[in-house]
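Trainee: Taken in order, these protein sequences are the chains called Y and L.
Residues 1 to 108, numbered by our numbering, are exactly what the first sequence covers, in order.
Residues 1001 to 1478, numbered by our numbering, are exactly what the second sequence covers, in order.
Hints were generated in silico from the structure; no laboratory data involved.
Mixed in with the good hints, there may be bad ones.
As the list claims (entries may be wrong) - Pulled a few chain Y residues facing chain L out of the computed Cβ check, cut under 7 Å: (1) 94; (2) 98; (3) 101.
To be verified - A few chain L residues facing chain Y, derived, Cβ under 8 Å: (4) 1026; (5) 1029; (6) 1030; (7) 1033.
Cβ coordinates follow ideal geometry from the N, Cα and C atoms, glycine included.
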Amino acid sequence: MFLLAMGIACGMLLMTSLLGPKRKFADKMEPFECGESQLVSPHQRFSVKFYLVAVLFVLFDIEAIFFFPWAILFRRLGMFGFIEMLLFILILGIGLLYVWKRGGLDWE
Amino acid sequence: MEPILAPESIDLIALAPVIVLSVFAMMVLVLDLWGGRNKTLLVFISLVGLLMTAISAFAKHPLPAYSFNDSYIVDHLSLFFICIFTLSSALTILLSVEYNEREDIRAGEYYALILFCTVGMILLASSTDMIMIFLGIEIVSICLYVLTGIRRNDHRSNEAALKYFLLGAFATGFLLYGMTLVYGSTGSTNLFKIAEFIQNPSAQSNPLLLMGLVLLIIGLGFKVASAPFHMWAPDVYQGAPTPVTAFMAVGPKAAAFAAFFRVFAEAFPEMSPSWETLLSIIAVLSMFVGNLGAIMQTNIKRMLAFSSISHAGYILIAIIAKSSLGSSALLFYMLSYTFMTFGAFGIVIILGRKGEENLEIENYSGLAYKHPIIALSMTIFLLSLGGLPPFAGFVAKFYIFSAAIQEGLLTLVIIAVLNSAISFYYYLKVVVFMYMKESEAEFKISLTPMTLFVILIGVIGTINLGIFPNTIIALASH
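Just chain L, same shape as in the assembly:
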């Protein structure tokens, strides 16, 4: 009997970031058992682990490289995404230290879960096989369910975790059923083999395949919180600990978009007429639901949740554009979104009080008189989220819109620009409260070096990407 499974198909160097991060995550998990109440060591190890992960991602040359029988890929898209993931996880951990102290979150598993979640995100962005995508999504989701409910004694956190878990499990069912149907009608779970099979026009009209595509869109659409599959987002974003909310709005969302891009732009480009319309409807709905919903909100975390739904709409346009310009627009958008979202949530954290208090937009009244620099940074983040030059948000939107116009998606772009205008209403509302209203209560700012560092990175990133976007655009458009 000859040996099966030639080990050559397994390229461990290509898999280095996943391995390194898993080892660090397990280390954090085990060290916590002896660590006592002080979590500084865990924070340090987690940050080192994330740094090592980002470095080890560049170990593989030349690109693209494949591993595990073409189900795992290292290419520019995945490398860029790994950088975004490690950055967002590191920023989350930095934000968490002070927050966890205040909210009395003592679990060292918190950091291990963030690392494990990042492992899932890396797998998700690097997979070219539907089974791998499914595994990645599950690793990410399970960690997020726990992280959402980590404030065990708070009923809102519990409610959020339960809702997220039930709806998430339901969406996973849709996703898996879609994968089954696609596998049944194309004979493979590998994205490249599916793309090959689909070149045959008679294969494209298979109703089972179309049904599978629709179910895939539903499943992935849920994970990126796009309308009409967004119902969980506001409650979960509000109930989760604020650093986790920031994390959810950036990392896992970017990972789900990476999977979205891989599935639709790499496996089904031949069938684009059939999924383009559907995705366009979802994109338009997300923008309107997100922006109109955000106007009604009085809680800043809920407002940012709706704003993140509308951003999912803009990002979907980049996926519909599906050209190489579309993919680099996606990458650039995700990076600038990371900076502004973490900055904004960082400020929400330093203004918050124990027990998730002080999160109403009214609480921000008169902030500019007491703490002008904090108010100014918040203004920068909000204007950038709205898409005003000279900030990163503007360039990112501009980039997506030009990619879309090149593909002839003029109507979509017009709707998106209109929506950007709507979004200024609620972003500016916070600015108006900060600058033009009298403050009613004293502000208790709990500013630690780590939180300050995150906000500083947010400000620098937002302005830098807005004024000098060329380096990053060159990196994104490989």
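The shape of chain Y in the complex, shown without the other chains:
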């Protein structure tokens, strides 16, 4: 099992470095490439849209954390845990539906 996991990880690294296209230019060689220049004044204004995305990310990210303990105890929680998790996902889904329809995911 360990060898398989190791193999997949190493294989992926190897494959991307072998097969992936390599186009190098100045911007790309910077340590961070998130669309921001590295050396700017911190008193910069940025779009309020980032704020909404960040809040939504935090919300759904934290909710996704609940899946991990459930996944670990999946067998011991049994059918009960499964149904509870389905309900949880349903409620999450309603949240996502709300955000979607409200236009929280639209950038423009």
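Given chain Y, put chain L in place with the hints provided.
Mentor: Showing chain L alone in chain Y's frame:
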């Protein structure tokens, strides 16, 4: 590996009101996405949901019943509180329809938030575990922060929401730190287990536990808007939309008092000498700050905010009395307070104008000549808030005072009676303006059937509880 968490410890029927209301709240939230500008359907569904919640609360027999490993309880206290919560939320929604139209509040989330807030209130009144209490308080508070700031284009509403949020988050910190210390020194977050642990006298003198108690009092004291943790109340009450103000003054406050009662009367009765003095100081301060502060106000919403601070002081006396008489006095007070507060705010709403105008007490001059019935109902609510017989406020105060005297809290009662006398000054000031001054401007009354219904319920409840209190007292004193 054997399965963990036996599902028997989870009693979903006991939890029925919370589940029903959550489902309805989500339904309102989702339906709003397709509903367009007309919110009548949402109002209808919310009201049906609240009714179903109140009915489903009585599904569990026999009482008391427990769920989630003793962290959730169904007993007479919680049932009575659930009735008060659903009533106050329904009255809020009825008041909101016309108001939202006038103030151009188009968000359908408004109704969903009120329902979610009610879910939190039910959890708060039914929890016997500090983690659950914390969750309940957070659900209630977060909904209220949003509701306070729902008039997005009004700077006063924004200011109120920001202030409430910052101070509320701060108070939550105190509350949580208090819970941590209590957990650290007693080894449990469950109120029953804490009560058991505390029976050992050597455990009671633990300084960490005392510190935890003080922090709990600060956190909960903030949520019920008692002095000296009241600074947010006038600004928030004034800035919030008027129906939300009425809601805040009744529902969430009652829920916080329920938690107050559970924590102090059920978990720490053995340590009452150490928290009684502290709560008495807070009660006396609240009464004086509330009543003396209200005298200075010219805005009716601010005046009612200070009056609600002073009422928090009276209610704290019921918690200090902590006997079964104290708990039924608390319940009776909260119910009568619901009727008179919603009635008074209902009249504030129908006299208000777009943009939260016409809220100065001077604007009420001469109301009695133009609209005698409205002026009369306002007089009834104000006199009842002051505690004059034959209205509900009198019986409620009388009940609390007799519970306190039975516990030997004579000084507190004397101070409270003196304060009631002070409070008449500012309640009667409005009455004087309505009856004895000439009106300067025309009154524009926007009376819709729903608002009228709320005021009618307020009048009937206030008078009925004042003259025939026995049925409700019997229900409250189970």
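Trainee: Where does the structure disagree with the numbered hints, that is, which hint numbers, in rising order?
Mentor: none
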